[in-house]
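Let the hints inform the model, and build the full structure from the sequences given.
Heads up: the first sequence at position 141 corresponds to 141 in the working numbering, and the numbers run straight through without jumps.
No lab work stands behind these hints, which were simulated from the structure alone. Each hint should be verified, as a subset may be incorrect.
[As the list claims (entries may be wrong)] Mimicking DSS-like on lysine-lysine, the simulated pairs with C-alpha atoms at most 25 Å apart in a straight line are: (1) K12 <-> K248; (2) K248 <-> K173; (3) K2 <-> K248; (4) K2 <-> K239; (5) K41 <-> K65; (6) K41 <-> K248; (7) K65 <-> K12; (8) K12 <-> K46; (9) K65 <-> K128; (10) K12 <-> K41; (11) K128 <-> K173; (12) K46 <-> K65; (13) K173 <-> K2; (14) K208 <-> K173; (15) K208 <-> K248; (16) K41 <-> K128.
[Claimed, not checked] Derived DEER-like restraints, expressed as beta-carbon distance ranges: (17) R201 <-> G109: 38 to 46 Å; (18) P207 <-> Q255: 25 to 33 Å; (19) G193 <-> W253: 36 to 44 Å; (20) S54 <-> G125: 44 to 52 Å; (21) D214 <-> L19: 44 to 52 Å; (22) P80 <-> L218: 42 to 50 Å.
For each residue, glycine too, the CB sits at the ideal point set by N, CA and C.
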Amino acid sequence: MKLATWNVNSLKVRLPHVLDWLLAQEDSDQPIDLLCLQELKLPDDKYPLAELESAGFHSIYTGQKTYNGVAILARTTSLPTPTDVVRNIPGFEDTQQRVVAGTYATAGGPLRVISAYFPNGQAVGSDKFAYKLRWLEALTAWLRDELARYPQLALLGDYNIAPEDRDVHDPAKWEGENLVSPEERAAFRALEGLGLTDAFRQFEQPPKLYSWWDYRMLAFRRNAGLRIDHILLSDPLAKACTACTIDKVPRTWEQPSDHTPVVATLSLNPLP
DNA sequence: ATGGCTAGCCGCGCTAGA
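Structure representation (structure tokens):
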């Protein structure tokens, strides 16, 4: 089965891209079974449920006007409606809609999937940066419990953290900045410390492969990007993971999101 | 040395993203 994550930067604007991309994956030997989306930027009553269902995907989501918003799309023919749906981090008071989670029954046992839009942080030392660190702490504490309950767990999303210098096009220029600071990287390591593995780094990858490029400065053309969108897998899933790739193609389309999809292939069968 | 683009808003220039 295939899992993917994509920060679409407005689902209203990017719905055609999402549908086109999902349709294009149908031609591969393994289509997408689960797609986590971030930055929907729309309230729940504007969520394009019917269009996505027509395309063959059911959804769980939590949104708000203007900012944030996350969803998990699941292929109707291969996955049942999820159970234990959670919106936001339990016990963490937050008006910003950044987390949705659900458990999908599969032939290989329950699969816990979390779509997360980590706070940006704006600048090291800012109020938003402090919020980012508090949010990361709450997420990590919650995930410790989640992992105890769900051995097969995948955390997909826009982490707004480039874990290593090789995930940054110009590490010298970015040194110590928001998205790469030691505090943020320590938080990323703490997530790994729970027993989660960066699916992308399990495999040999071409150098200078990123998931986000600034709209400005011809950044995509110059490949001046960051790898900040990740798929972290619990041990059983990491062992079942056979590939993890970044699909740059949607970033080349007209009116693209500034992020592009990350895809993981697991040797885990959905329901027959 | 800085900003350079994009989306959304109730806007007719701003906030926020990363």
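Item to complete: Tell me, in ascending order, the numbers of any earlier hints that this structure violates.
Response: Those not satisfied are hints 13, 17 and 21.
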